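Work out the full structure: start from the sequences and follow the hints.
4 protein chains.
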Amino acid sequence: MTLARRLAAEALGTAMLLAVVVGSGIMAERLAGGNVAIALLANALATGAGLVALILMFGAVSGAHFNPAVTLSEAWQGKLPGREVAPYILVQVAGAFAGVAAAHGMFGEALFSASEHVRTGASQWWSECVATFGLIAVIMGCSRARPAMTPFAVAAYITSAYWFTASTSFANPAVTLARAATSTFAGIRPADTPGFILAQLAGAAAATALFGWLYRTPVSSGK
Amino acid sequence: MTLARRLAAEALGTAMLLAVVVGSGIMAERLAGGNVAIALLANALATGAGLVALILMFGAVSGAHFNPAVTLSEAWQGKLPGREVAPYILVQVAGAFAGVAAAHGMFGEALFSASEHVRTGASQWWSECVATFGLIAVIMGCSRARPAMTPFAVAAYITSAYWFTASTSFANPAVTLARAATSTFAGIRPADTPGFILAQLAGAAAATALFGWLYRTPVSSGK
Amino acid sequence: MTLARRLAAEALGTAMLLAVVVGSGIMAERLAGGNVAIALLANALATGAGLVALILMFGAVSGAHFNPAVTLSEAWQGKLPGREVAPYILVQVAGAFAGVAAAHGMFGEALFSASEHVRTGASQWWSECVATFGLIAVIMGCSRARPAMTPFAVAAYITSAYWFTASTSFANPAVTLARAATSTFAGIRPADTPGFILAQLAGAAAATALFGWLYRTPVSSGK
Amino acid sequence: MTLARRLAAEALGTAMLLAVVVGSGIMAERLAGGNVAIALLANALATGAGLVALILMFGAVSGAHFNPAVTLSEAWQGKLPGREVAPYILVQVAGAFAGVAAAHGMFGEALFSASEHVRTGASQWWSECVATFGLIAVIMGCSRARPAMTPFAVAAYITSAYWFTASTSFANPAVTLARAATSTFAGIRPADTPGFILAQLAGAAAATALFGWLYRTPVSSGK
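Protein chains in written order, with my numbering: chain A, 1 to 223; chain B, 1001 to 1223; chain C, 2001 to 2223; chain D, 3001 to 3223.
By construction, these hints were calculated from the structure, which means they are not laboratory data. Note that the structure is a prediction, hence the values are computed from the model and not measured. Certain hints may be false.
[To be verified] A short, non-exhaustive set of chain B residues, derived as facing chain C with CB atoms under 10 Å:
(1) Ala1008
(2) Gly1025
(3) Ala1039
(4) Met1057
(5) Met1106
(6) Arg1144
(7) Ala1148
(8) Pro1151
Even for Gly, the Cβ is constructed at its ideal location relative to N, Cα and C.
As structure tokens, then:
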């Protein structure tokens, strides 16, 4: 796979992920009649099911990161050349914003709109740290022991994490930035994104270090 | 597999798909007490679960298209002989109407009844375009990289797309036509079907072209 | 596997299936606060998830029929010796009643109690005929093309069929008889069981004949 | 795998399991607006999905028991050396309490708080006995016939057992002890834990004996 094709896959996959997350959030909030549990059930199921499809279809192309925290962790483990980190992250962020605009178009909203949803404080940051720690742990553990099952493990983990973290588990810096551009169910106030992203990177670093020991991942370069 | 057997599989599979979509829609609306989110949750889960079973059982016989947009895309990629396109589409449409009648029979409704459910406008068309683009993308990507997992990828995608598109993701011209013949939860006004079908074909064509490049699908004839 | 072990597996598996169906029905009705859609969602998910586990664990022992309609269809196809049909059905029915008693014990109900839930009429019978036709079709199709995936195909099908049939898809004579012995969510009036069972056998016979042609199943004896 | 690494996996996996169970219980109760069925649906889906990820990622390291009843059953079957039983159970219990604290931190609760949720009486004990019997049966049956599918079988079973048992299926002594330390949705009064644990061990012993006969598990030592 050439780098151009892999970047196209990362951009397109992240865009579709955001379309799923934001679009299903809008639909869920509109239909749920005020019951947030029902809305979050729909949002979590749509996201998990969407991830199954997206990782199965793009995994063999680009690795299906769709997530700067995953890209950084993979590079740290020597599974991605360092020079590809920046392009990966760039297209993930661009794709994420495109996905938000695509979702807004489907529901008749303006292309972008700043969120006013407050998500801050120690509980939220601890939630994002745990959520991203777990995500990296799932990817490292499953891709080592049962690589063919990784799409299902990741999708199941995120479905679960929507419910067991107080922040509903963003666990992804690109997703976090793009969700600041939607004033709907999935939104986050732009001012709150740095706290989320720092917590995510801390969790990702802790998992990469700990599971590097637990699984004794050999360091290698390239793919 | 002879063509007769494959056409029987396409007809029967599309009929069962419509029985699932329309039947579960009726049941969901009757039981949900006016909460549309709960009804759509049930409808989405029933459709996704039904697709797992249908694609697993018919995939090895006919390819389990159940969908003219998929048949056209496969033919364009050279995976289906051109002379089989028309018979495939014909039995899909006939099967779809038979499935609606089967569902109506189970719930004590008249065999057919024209829907009055308005589904039109740019947001709906964009939704159908995105939905079908994604469906073809999932099929092309997964059948290339992880063919044994395609039934799960497609079912998961449709479950998700019921929620992340404003149109609840018909993504299938045969399904669209047949759902015009049910004045229940899943219905669409007959006058609105051309817009849906055009949007679906546009999305399917875009995905076939783009992923043909991304995956560099070799062109071949026959199966 | 000796016949004794296979019969033990059929008895135990059918008992666990009924414990799942009846137990989750009681729990769902008690908690759902009168919203039948939510109760049926829980009942359908519990049944589908339970079937995944039960078929995975017992499939290699006895075939995991848990269902006289399946046993008769397998025997007709030459996959089960004729002399084993009666013992299979006998332990399935006995196990089914034991499972109802086990569920009642968990929820503090009398061991058995006759249901007063009316389930009769042409729509219900047509529903059971379609439901069992589909179940046999899924088993025959999937076990031929993708045998390792049969547990998931059957479980997904039943989850879907709870919603797309007006009868919530009993699709199993042993289950039907035992559910007459519970005056809870899952019950059926004893007088209504013959109609259900006849419809189920008709659907099973139609599927066995049709898919025997479609898949050209070779006739053989033994397993 | 050294014992230290396996114990780390058991501790971390059990901690993450409790974070999922307790965290999703808190979130579900807060959002469900008093409808316990919706809360339990979310709690069951989060737990089942979480188990898929946790068993896939840790299964190849430590066996992914996360449960003293499983560890004892494995040792009885000769699949785990007797000298490793105590360390396994110790880290499972310690991990379980750490997981409760992690969940409480995410939701702004005190690290630990004694539950006042009464769960006692014959129906509850019979429920736990059945639940654990079934869990051990699923593990023994599936790991013998379809080992690669065990993560899915166990997760599906627990999702189902949340609904078909009156106790919502703790089925795990370490989980039971740690859930006494949370005064939230998932809690159990400390005084009620011995009854649960005795019932769980009885069910596990019965399953190990019965399925040892059914599957004629050969006795061996070590792994």
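Hints and how they fare:
| no. | hint | result |
| --- | --- | --- |
| 1 | Ala1008 | holds (6 Å) |
| 2 | Gly1025 | holds (9 Å) |
| 3 | Ala1039 | holds (7 Å) |
| 4 | Met1057 | holds (3 Å) |
| 5 | Met1106 | holds (4 Å) |
| 6 | Arg1144 | violated (18 Å) |
| 7 | Ala1148 | holds (8 Å) |
| 8 | Pro1151 | holds (8 Å) |
In summary, the structure is inconsistent with hint 6 from the numbered list given earlier, while agreeing with all the others.
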